[in-house]
Amino acid sequence: MREEPFNNAPIGIFDSGFGGLTVARQVMKTMPDEDIIYFGDSARCPYGPRSQKEVDGFVQQICRFLLERQVKLILIACNTATAAGLRHAQQTFDVPILGVIGPGARAAVQATTNRRVGVIATKGTVESGSYTKAIRGLDAGITVFSVATPRFVEIAEQGIRMADGPIENYTSTASKVYVRPEFQEIAQDYLDPLRRCDIDTLVLGCTHFPLLKALIGSVAGRKVTLIDSAKEAARDVHETLSRRGDLAEPGREPNYEFFTTGSDLDEFRRFGSRVLQMSMTSVSHVDL
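Residue numbers 0 to 287, in numbering that gives the first Met the number 0, belong to the letters of the sequence shown in order.
It is possible that part of the hints are untrue.
As the list claims (entries may be wrong) - Under the rule of at most 25 Å between Cα atoms (straight-line distance), these lysine to any residue pairs were calculated in the SDA-like manner:
(1) Lys132 to Cys196
(2) Lys212 to Arg24
(3) Lys28 to Cys196
(4) Lys132 to Glu238
(5) Lys28 to Glu252
(6) Lys122 to Asp34
(7) Lys230 to Ile35
(8) Lys28 to Arg43
(9) Lys230 to Gly220
(10) Lys230 to Ala106
(11) Lys132 to Pro95
(12) Lys230 to Asp199
(13) Lys132 to Glu53
Don't read these hints as lab results, they were simulated from the structure.
The whole structure should be built from the sequences, with the hints applied where relevant.
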């Protein structure tokens, strides 16, 4: 049997749970011919409150798992894991390894006109200072205002669960989650300090947050440009593979595989299908 050429090897994408599926969705849209292996570490989610050293260990472990499946590139679709483990992973493994912080930072620098940029993310990402370093490394004149918004992860996942009802499903079509009135109050508590800082650009520094784009945008205001790191990361993946001559053959039928450390495969499949806007069939449990 003829072996597949290297350029048809899969792209590996991983996250602490469901959020990275927003990144996988953008990669699928940008590169519809590519095979993808997605790994969600749901059993150890969330990464945000954990130490950087511990998360770095998870990154090393998951990269090895993906490389055993002969991926040609790995995208760390988690801001916390990117901050904690991207550099170490790049030093350890031979394939290109990309994260989501660099692409988001570049997009923010290009978008801002008043050079006042907000970042919302998990506690771990904010405390790492990764976005501030990345943004100011590109433009030292930009002022960065960072706020930890851990409840947005909870809201996104609650909203997806609640969107399963017939009425809620109808009202949540645009954002893929159902937004309760109390979610609006939480968003205002988080975002009002950033609005008072007169930001004109806001980085969604967690892969769950694009699911709440409608909610966040309504509170931040029309004058604030939202930066979705998922879209920017997908562009980075495409450019990297293109420059290396490793894009998959055009017109082929892609294969998608999904792995999770979580025990509830039905919940992962249900969440994933809604985020990806497609039926998620091949989901397997992995015990690391």
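Evaluation of the provided hints:
no., hint, result
1, Lys132 to Cys196, "holds (19 Å)"
2, Lys212 to Arg24, "holds (15 Å)"
3, Lys28 to Cys196, "violated (35 Å)"
4, Lys132 to Glu238, "holds (23 Å)"
5, Lys28 to Glu252, "holds (14 Å)"
6, Lys122 to Asp34, "violated (33 Å)"
7, Lys230 to Ile35, "holds (16 Å)"
8, Lys28 to Arg43, "violated (28 Å)"
9, Lys230 to Gly220, "holds (21 Å)"
10, Lys230 to Ala106, "holds (10 Å)"
11, Lys132 to Pro95, "holds (22 Å)"
12, Lys230 to Asp199, "holds (19 Å)"
13, Lys132 to Glu53, "holds (22 Å)"
In terms of the numbered hints stated before, the structure departs from hints 3, 6, 8, listed from lowest to highest.
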